[in-house]
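Visitor: What follows is each chain in one-letter form.
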Amino acid sequence: MSRPAHRFTLLSRLLHWTMAALVLAMLFIGIGMVSTVSPRYAGLVSVHKSIGILILVLVAIRLVNRLLNPPPPLPADLPRVQVIAATASHWLLYCLMFALPLVGWAMLSAAGSPIVVFGGLHLPPILPHDVAVFAVLRTAHTVLALLLFATFLAHLGAALFHALIRRDEVLPSMV
Amino acid sequence: MPGDVDRNAPTPDTATLLKRNPVQALTIAVVLAATAGAFAYVGGFVTPHRLGANHFVDAMQTAAGGPHAGFRRAHAKGICIAGSFVGAAPGRAISKAAVFGGAIVPVTGRFAEAAPDPFAKDSSEAVRSMALRLQPAGAPEWRMAINDTPGLHVSTPQAFYDNVVASTPDPATGKPDPAKMQAFLAQHPETVAFLARMKARKLASGFFDDTYNSVDGFLFVAPDGTKRLVRWSMEAEEPFATLTPAERDAKPANYMFDDLLARVRRGPVKWRLVATLAQPGDPNRAAEVWPADRPRVVMGELTIDHVESEATGNCQDVNFDPLALPPGIAPSDDPIPFARSAVYSVSFRRRSGEHKPPSAVANQSAGARS
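Chains A and B, in that order, are what the protein sequence lines are. Yeah, the first sequence ends on 175 if you go by the numbering used here, and it's all consecutive. Yeah, the second sequence ends on 370 if you go by the numbering used here, and it's all consecutive.
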């Protein structure tokens, strides 16, 4: 395999794969914790909050990195529809990676719940205690999480399409 | 291989590419389907019999004849309280939690009756609860929801659920099917024993002279890291009184609340927080009581000097999550608090999005605070 002419920077690749693992874990932990009453519940909720804050920090670093180090161009012969889909879905992923932790944090704030991460760090509320706001944000958190999972599936499918079928430089540029 | 691609050849359109690479296209479809399937499995969508918090709340709503919009799905009839807590020295030796430090800790909370009907007559209800939120300055808070029962009627979330289902009225008769409850009791001798204890106990005359128990086991973590399995009680300092069933029936529908308001108008009411320490071999199962001779440690004193009807912004809007614990107090291997935490979260979410009508005891207050 020849080395791709254009490749993401090492930092970009590290951020991508670290966050890929965290986001995927987060989606599974989230759906798992709201569907169990077992003793795993408390640990899952606790880890979910910590990973959420970690993702928020990482996505902020990642956005700055992306603006400083623009990604390599998409293949020149990629159909226009796929170029639009790729660009739009990447920005949607960024938006959701910001939105989900912020909505989660805001939702716990509006619920008046203690927000404890990393086993003992207490975060301040970012919204006043208001359960009507909580109800809206709690629903938004679920809807956005399902949208993130769907976008992730599309992203995974597209990556495999580039790797297995188009056999272009898209996946090599990210590994 | 990517390197083999002839960069000068025009790339065929996507439909043609997929047709030419059926194995790869199938592989992608399988990977995506497996990922979505795993997600659905973890979420319980392919195992509808696995107990989730939503199932509990659904079952409790059905057993209650439907939800009472805006109200808690259990312990629905309540009133808000406020006061303070001061920790005692013996308590500091077995838990490093800031609430036991000895400073005055502001407390808010709620008294309630356990029934899901927010307008039930007080004389029809035999289980009362105290929920508290202890908020020491500059330190993590402690929430609890404790009952005046001698333990819990079950020891596992599954048994709790099965009991709710067995108690659900049959749509045909409007009453629970006695055969279902008998079948449940036949499998749950711990519930039979609990019901015998309930029958033997004397019911306190009001919220103010009642004693409330953690029911569940928790761990107290000492300053040196030693973990002890404990249960705790808020023991009324008020002299205990009881009422005959006839006296209760003759009282007004909201007498528990009326009497509490009247009592607090006369002055603050106090409770002693006492921890009972488990000895090796004591069952950490909520339906089983520990022997009476277990060591008891006085952890501090609670003073309630204010009572106020539920309204937006006070205890009505608080989820008294039994797992909102500060460092120094931790969950044990009693499985019930985990299920309670998950189920309270669902109940809180549902009622938060609903409009709540006024509580049975509305626009009332007593005690010094504004």
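Mixed in with the good hints there might be a few duds.
Below 20 Å or equal to it, Euclidean Cα-Cα: the simulated EDC-like pairs (lysine to aspartate or glutamate) are [to be verified]:
1. B/Lys251 to B/Glu237
2. B/Lys19 to A/Asp77
3. B/Lys356 to A/Asp130
4. B/Lys270 to B/Asp224
5. B/Lys121 to B/Asp258
6. B/Lys175 to B/Asp117
Quick caveat, the hints were computed from the structure, so don't treat them as lab data.
Visitor: Check whether the Cα positions of B/Lys356 and A/Asp130 lie no farther apart than 20 Å.
Guide: The hint holds at about 14 Å.
Visitor: Take a quick look at whether B/Lys270 and B/Asp224 sit within 20 Å of each other, Cα to Cα.
Guide: 31 Å, violated
Visitor: Compare the distance between the alpha carbons of B/Lys175 and B/Asp117 with 20 Å, and conclude whether the hinted pair is satisfied.
Guide: Within the cut-off at roughly 16 Å; holds.
Visitor: For the pair we were handed, B/Lys121 and B/Asp258, check the Cα-Cα distance against 20 Å.
Guide: The hint holds at about 12 Å.
Visitor: Take a quick look at whether B/Lys251 and B/Glu237 sit within 20 Å of each other, Cα to Cα.
Guide: 24 Å, violated
Visitor: If you draw a straight line from the CA of B/Lys19 to the CA of A/Asp77, is it 20 Å or shorter?
Guide: OK: B/Lys19 and A/Asp77 at ~19 Å, within 20 Å.
The structure shown violates the earlier hints numbered 1, 4.
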